[in-house]
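Trainee: Okay, here's what each chain looks like letter by letter:
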Amino acid sequence: MSKQKRTWDVILAVVMVLLCLLWIYPIVLILLNSLKTEGSFTTSTVFRLPTAETFAGLRNYVYGVTKMDFLSSMGYSLLITVTSVVLILLCCSMTGWYLTRVNNKLSKFMNLLIVFSMVVPFQMVMFTLSKTADRLKLNNPWNICIIYLGFGAGLAVFMFTGFMKSVPMEIEEAAMIDGCNPIQIFFKVVFPILKPTMISTAILETMWVWNDYLLPTLVLDIKKYRTIPMAIQYFRGGYGRVELAPMMACIIIAIIPIIILYMTCQKYIIEGVVAGAVKG
Amino acid sequence: MKKMITRRNFLKAAGVSAAALGLAACGGSSSSTASSAASSTAASSTAAKADGKVYYLNFKPEQDQDWQDLAAEYTKETGVPVTVVTAASGQYETTLMSEMEKSEAPTLFQVNGPVGLANWKDYCYDLSGSQLYGELTSDSFALKDGDAVTSIAYVIETYGIIYNKELLTAAGYKQEDIKGFADLKKVADDIQARKAELGVDGAFTSAGMDGSSDWRFKTHLANLPIYYEYKADGIGSTDAIKGTYLDNYKQIWDLYITDSTCDPKLLASKTGNDAVAEFVGKKAVFYQNGTWAYNDVKDLGDDNLGMLPIYIGVDGEENQGLCTGSENFWCVNNTSSEADIQATLDFLYWCVTSEAGTSAMADKMGFVIPFKKAKDSTNPLITIANQYVADGKTSVDWCFSTMPSEEWKNGVGSALTAYAAGTGKWDDVVTAFVDGWAKEYKLANG
Amino acid sequence: MQKAISKYWPIFVLPTLVAFIIGFIWPFIWGVYLSFQRFTTVSKTTFVGIQNYLSVFQDSTFLHAFGFTAVFTVVSTVLINVCAFAIALVLTRGIKGTNIFRTVFFMPNLIGGILLGYIWQILLNGVLANLQKPLLALDAKAGFVGLVILMCWQQIGYMMIIYVAGLQSVPGDLIEAAKIDGANDREILFKIKIPMVMPSVTICTFLTLTNSFKLFDQNVALTAGEPANASEMLALNIYNTFYGRSGAQWKGIGQAKAVVFFLIVVVISLIQLHFTRSKEVQQ
Numbered sequence: 001m002s003k004q005k006r007t008w009d010v011i012l013a014v015v016m017v018l019l020c021l022l023w024i025y026p027i028v029l030i031l032l033n034s035l036k037t038e039g040s041f042t043t044s045t046v047f048r049l050p051t052a053e054t055f056a057g058l059r060n061y062v063y064g065v066t067k068m069d070f071l072s073s074m075g076y077s078l079l080i081t082v083t084s085v086v087l088i089l090l091c092c093s094m095t096g097w098y099l100t101r102v103n104n105k106l107s108k109f110m111n112l113l114i115v116f117s118m119v120v121p122f123q124m125v126m127f128t129l130s131k132t133a134d135r136l137k138l139n140n141p142w143n144i145c146i147i148y149l150g151f152g153a154g155l156a157v158f159m160f161t162g163f164m165k166s167v168p169m170e171i172e173e174a175a176m177i178d179g180c181n182p183i184q185i186f187f188k189v190v191f192p193i194l195k196p197t198m199i200s201t202a203i204l205e206t207m208w209v210w211n212d213y214l215l216p217t218l219v220l221d222i223k224k225y226r227t228i229p230m231a232i233q234y235f236r237g238g239y240g241r242v243e244l245a246p247m248m249a250c251i252i253i254a255i256i257p258i259i260i261l262y263m264t265c266q267k268y269i270i271e272g273v274v275a276g277a278v279k280g
Numbered sequence: 001m002k003k004m005i006t007r008r009n010f011l012k013a014a015g016v017s018a019a020a021l022g023l024a025a026c027g028g029s030s031s032s033t034a035s036s037a038a039s040s041t042a043a044s045s046t047a048a049k050a051d052g053k054v055y056y057l058n059f060k061p062e063q064d065q066d067w068q069d070l071a072a073e074y075t076k077e078t079g080v081p082v083t084v085v086t087a088a089s090g091q092y093e094t095t096l097m098s099e100m101e102k103s104e105a106p107t108l109f110q111v112n113g114p115v116g117l118a119n120w121k122d123y124c125y126d127l128s129g130s131q132l133y134g135e136l137t138s139d140s141f142a143l144k145d146g147d148a149v150t151s152i153a154y155v156i157e158t159y160g161i162i163y164n165k166e167l168l169t170a171a172g173y174k175q176e177d178i179k180g181f182a183d184l185k186k187v188a189d190d191i192q193a194r195k196a197e198l199g200v201d202g203a204f205t206s207a208g209m210d211g212s213s214d215w216r217f218k219t220h221l222a223n224l225p226i227y228y229e230y231k232a233d234g235i236g237s238t239d240a241i242k243g244t245y246l247d248n249y250k251q252i253w254d255l256y257i258t259d260s261t262c263d264p265k266l267l268a269s270k271t272g273n274d275a276v277a278e279f280v281g282k283k284a285v286f287y288q289n290g291t292w293a294y295n296d297v298k299d300l301g302d303d304n305l306g307m308l309p310i311y312i313g314v315d316g317e318e319n320q321g322l323c324t325g326s327e328n329f330w331c332v333n334n335t336s337s338e339a340d341i342q343a344t345l346d347f348l349y350w351c352v353t354s355e356a357g358t359s360a361m362a363d364k365m366g367f368v369i370p371f372k373k374a375k376d377s378t379n380p381l382i383t384i385a386n387q388y389v390a391d392g393k394t395s396v397d398w399c400f401s402t403m404p405s406e407e408w409k410n411g412v413g414s415a416l417t418a419y420a421a422g423t424g425k426w427d428d429v430v431t432a433f434v435d436g437w438a439k440e441y442k443l444a445n446g
Numbered sequence: 001m002q003k004a005i006s007k008y009w010p011i012f013v014l015p016t017l018v019a020f021i022i023g024f025i026w027p028f029i030w031g032v033y034l035s036f037q038r039f040t041t042v043s044k045t046t047f048v049g050i051q052n053y054l055s056v057f058q059d060s061t062f063l064h065a066f067g068f069t070a071v072f073t074v075v076s077t078v079l080i081n082v083c084a085f086a087i088a089l090v091l092t093r094g095i096k097g098t099n100i101f102r103t104v105f106f107m108p109n110l111i112g113g114i115l116l117g118y119i120w121q122i123l124l125n126g127v128l129a130n131l132q133k134p135l136l137a138l139d140a141k142a143g144f145v146g147l148v149i150l151m152c153w154q155q156i157g158y159m160m161i162i163y164v165a166g167l168q169s170v171p172g173d174l175i176e177a178a179k180i181d182g183a184n185d186r187e188i189l190f191k192i193k194i195p196m197v198m199p200s201v202t203i204c205t206f207l208t209l210t211n212s213f214k215l216f217d218q219n220v221a222l223t224a225g226e227p228a229n230a231s232e233m234l235a236l237n238i239y240n241t242f243y244g245r246s247g248a249q250w251k252g253i254g255q256a257k258a259v260v261f262f263l264i265v266v267v268i269s270l271i272q273l274h275f276t277r278s279k280e281v282q283q
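Residue numbers (the UniProt record's numbering), protein chains in the order written: chain F, 1 to 280; chain L, 1 to 446; chain Z, 1 to 283.
Bound conformation, chain F alone:
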């Protein structure tokens, strides 16, 4: 039995290794081609390794970054993601706590709305939301976080209320007897307890905002601001020409920070996903 299990383990491990290679391959392929000179490969020759003749070094990277002003796109993506996620965490944790501790009409109304908003697909509000954002001047990377708070509040509040329900009220009541007002209670007592949920929520919202394409495309003032997913589109030139090599270079540049982030906080990310799924 045990020997049989060991043989199986070996076979399965080999299968897993092969699968992993398959999983990494697309990214490796892009990386390799981003090092070739533009025009040195056709649709069918992307699988060849770069040779001395076709090797372009970092030329595509330099070209892609300068031509598309890719660094500022990364800056805007970062700015939007950080402000939105911080705002979502702060506002939604406060709201989530309030909704679990207070049982009045406002709470009932909000709870209903939150569940409802989680169901609504973006296409439903796509047109009217971009109109609203334009009128209220929420069309720049500093203000767009309000839109993200509005549209992302559902999941976040849901996560926080889900967690708060399991937290006993005794400590908070003790703090109140000690003379703390609700704001002090929240930041001194509740906030530290919320840390694991904060991380989970932060991860889910970051993955959403960082990669979001349609919302910023419709809402942001495209005269001035482009996020990463928007900028990548512009490598498709006129008359069907695509600047493939620089485009691949920029795809790689866009992926690297995510991979680094993932490697450093992998544990939290995976826990966050599990927590989010179980509650969602």
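FYI, nobody ran anything at the bench for these hints, they're computed from the structure. A quick note: this is a predicted structure, and the numbers were derived from the prediction, not measured. Ideal placement from N, C-alpha and C gives every residue a C-beta, glycine not left out. It is possible that part of the hints are untrue.
[As the list claims (entries may be wrong)] Partial list, computed: chain L residues near chain F (C-beta under 7 Å): (1) T83; (2) A88; (3) S89; (4) T271.
Use these hints to put chains L and Z onto chain F, whose structure you have.
Mentor: What follows is chains L and Z alone, placed relative to chain F:
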């Protein structure tokens, strides 16, 4: 609605005075005198002008940088802010649509011809009194809605069959040997038969029937049978195409796919990038494309490039020239503020008359522009195109701007692909062409 | 205590509520209103009753997109969950390198849909060109298969993580007890493990279901609906109706399509709720 009419009337009045100034300015004074004259006549319009700004939603990604530079230069010269945004390829319509919804909508946009204009004519400022219109060399470059000039072509382009002179000479032929479809077929068949000896993969490049270059066939090549039908019937557009010259369309398409670098069945697995690579890599002699493609093929050397008319076997085609026309028309947004409209008109006028503007458009963008002060373009393909006109050949008009819709083109494109792959019959192309036209025309106009 | 906190609603609830109104409630109500209107600009609308909704169901592109989306959703949901569960089973056996495998499988989730779409477009077109088959944009079947492969590649890792968590929570002594009673591996899998992870199965099924149904970015980047809208999914169809078609009628129809789309998603979610509830009762 009422508000709009009054605004229009006001602008018409303003336009008339602008035209008068334009005439006065013709005496040799530059645009700056014209604008200073304007400021002295109407103080209010100067004030408006000072805070007007231009937002140009550009269609041509390959000229994006050139437009940015030109806009920056204009801003430096006049202080008027000009923003140029280029839509990502294939997304012009969607970008225009969403930008027009915004409070800071483009003041300047473009349509691709009468069919595109139909969608946007309610947003087009009447350019009939503008200085820009006064600079136009021929009225045929303007699109009209009744008496109103809704849009003005800003670049004239030409396409045909670009060929590699060195390879054609090596095969023992020269341009003069090809005077019609029969000659073209004879030469192409011969090159195809001797392809190993000549070191090529085929006479024509592969096609690229995905979005990257299917327009070369479903739009540009399909233009020829439409052109000849219009010519025979003496019309300029139609609600139902008869398909009189579809047999000729079949002939040329058959030639393209048989004498090609790859088996017809494999055409569907090639992209536009592949076709360019074959031509530049000297693996094919003929490549159907236009003057805009110069940057893609310039590696072959200017002296090595030639252009042939696309012969499809119609009587009298020995006098046929290249296909020349425009699908890039400027429109000024009539919902913009008056100051912005004026600023936009001034900017356009500067682009087509000033030294900086005309040289940028001729040299950097490689455009032939239909305006009086235009400079000669340095694009060698354009020189070739001009030679055909000088030799008295009749240019083929761009009738594809009257094609009823994008769906129609896609239908023809899919049928062509299926026919080449052997999974569809030529009859399907005919159906897509003739029946599809009537159906799409009704949908678009009914 | 409750009373004391409830007075503080302007601090705790108001900011979220205001953003909620701007970013969700107002656009939603306005959207429903506009679905009964004919308009080119929102300042000038004409009431047309349910005309837009009638047009939605006469629009062949919408019906085609609906069919395409439905088939895609079913196929990808089944494939993703079966594969993810199988991998999760392997990764809970305690073989060496489990952590590395898990890391690698999950990675694609962090890359945005647009980037994924372009990566796979290059890869799949390369494969198709070498097989001498039509490119993605020319063959709706290839486009469909491409989308399924892309979704599997992206989502399997995510679902696998959830299944692993579910499997790890199966009490070890339960399995030991079954082994002592002489149960073989297959019996343990079907009689113990699978019933015990049913909550995870429900979660993952509905996650993939809604993700696939609402797919947009990947669709835009990989096939853009080519050829001739044949690989266009619902979300893209709605987008194209709004921004790709000119004519006074299309915006109203687009908004009506969005409402229909929303209602379908609501139905899916209600079914999910029903399933989750009934499962909870069972346990």
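Trainee: Checking each numbered hint in turn, tell me which of them this model violates, lowest number first.
Mentor: none
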